[in-house]
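Enquirer: Based on the hints, put chain B in the right spot on chain A.
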Amino acid sequence: AQTVTQSQPEMSVQEAETVTLSCTYDTSESDYYLFWYKQPPSRQMILVIRQEAYKQQNATENRFSVNFQKAAKSFSLKISDSQLGDAAMYFCAYRTPGGQNFVFGPGTRLSVLP
Amino acid sequence: EAGVAQSPRYKIIEKRQSVAFWCNPISGHATLYWYQQILGQGPKLLIQFQNNGVVDDSQLPKDRFSAERLKGVDSTLKIQPAKLEDSAVYLCASRSIAGGGKTQYFGPGTRLLVL
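Chains as they are written, first to last, in the working numbering: chain A, 1 to 114; chain B, 1 to 115.
The following block holds chain A by itself, in its conformation from the complex (with noise of 0.2 Å):
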């Protein structure tokens, strides 16, 4: 079975400096997608970034990017010049093409410090 695994319960980051999540996964797929979602205090689930497994280039999203490693099975998301809005709890999911196993890593709660 596919895991997903953030080994960071929670991160902070000052306002305006850059900060890395981490996100390790299991799979025995070669075809895959991978996503980082965001949900704030509100509990709205917002899709930031996705990349497709078949992709080598990393996926960037504005002030968002990925540093995809598939060999690794690694998909850490980047954050530059963080702001406050950007406080939430980070998920890092996968799922296969068909769209079943969609799975959901634990989370990390990104403080965002003035």
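Please note that a few of the clues may not be correct.
Below, computed lysine-lysine pairings styled on DSBU-like, alpha-carbon distance capped at 30 Å [said to hold, decoys possible]:
#, chain 1, residue 1, chain 2, residue 2
1, A, LYS70, B, LYS15
2, B, LYS44, A, LYS73
3, B, LYS44, B, LYS78
Beyond 12 Å from chain B on every Cβ pair, some chain A residues (computed) [said to hold, decoys possible]:
#, residue
4, PHE64
5, GLN69
6, LYS70
7, ALA71
8, GLY85
Since the hints were made in silico from the structure, they are not lab data.
All C-beta atoms, glycine included, are put in the ideal place defined by N, C-alpha and C.
Expert: Relative to the frame of chain A, chain B by itself:
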């Protein structure tokens, strides 16, 4: 485009009572998911529908939980009878399969407290 709608937003019940949650996915999204998110944990998939058929319900506690999506649009999730450990946020999400839809979109969730 309207997002995923869920109701109610909050529910408090006593153990052994019954409760139902409703979800209306984004229009045209064939795939619908129900998740249970216990405080401090990541969401756990309970059931996945594609149109009105169940794709995966392997983690649904079928002795007390049931879900349906009769017309392939909105869905209800029921708990009968509820236990204290069912206290959680129940999230609904939907995904389009058109064009190889890769992303699921979440509703605001229903927060359930069982006393």
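Enquirer: Does each hint fit the structure? Answer for all of them.
Expert: Evaluation of the provided hints:
{"no.": "1", "hint": "A:LYS70 <-> B:LYS15", "result": "45 Å, violated"}
{"no.": "2", "hint": "B:LYS44 <-> A:LYS73", "result": "21 Å, holds"}
{"no.": "3", "hint": "B:LYS44 <-> B:LYS78", "result": "16 Å, holds"}
{"no.": "4", "hint": "PHE64", "result": "15 Å, holds"}
{"no.": "5", "hint": "GLN69", "result": "20 Å, holds"}
{"no.": "6", "hint": "LYS70", "result": "17 Å, holds"}
{"no.": "7", "hint": "ALA71", "result": "22 Å, holds"}
{"no.": "8", "hint": "GLY85", "result": "18 Å, holds"}
Against the hints set out earlier in the document, a violation occurs for number 1 only.
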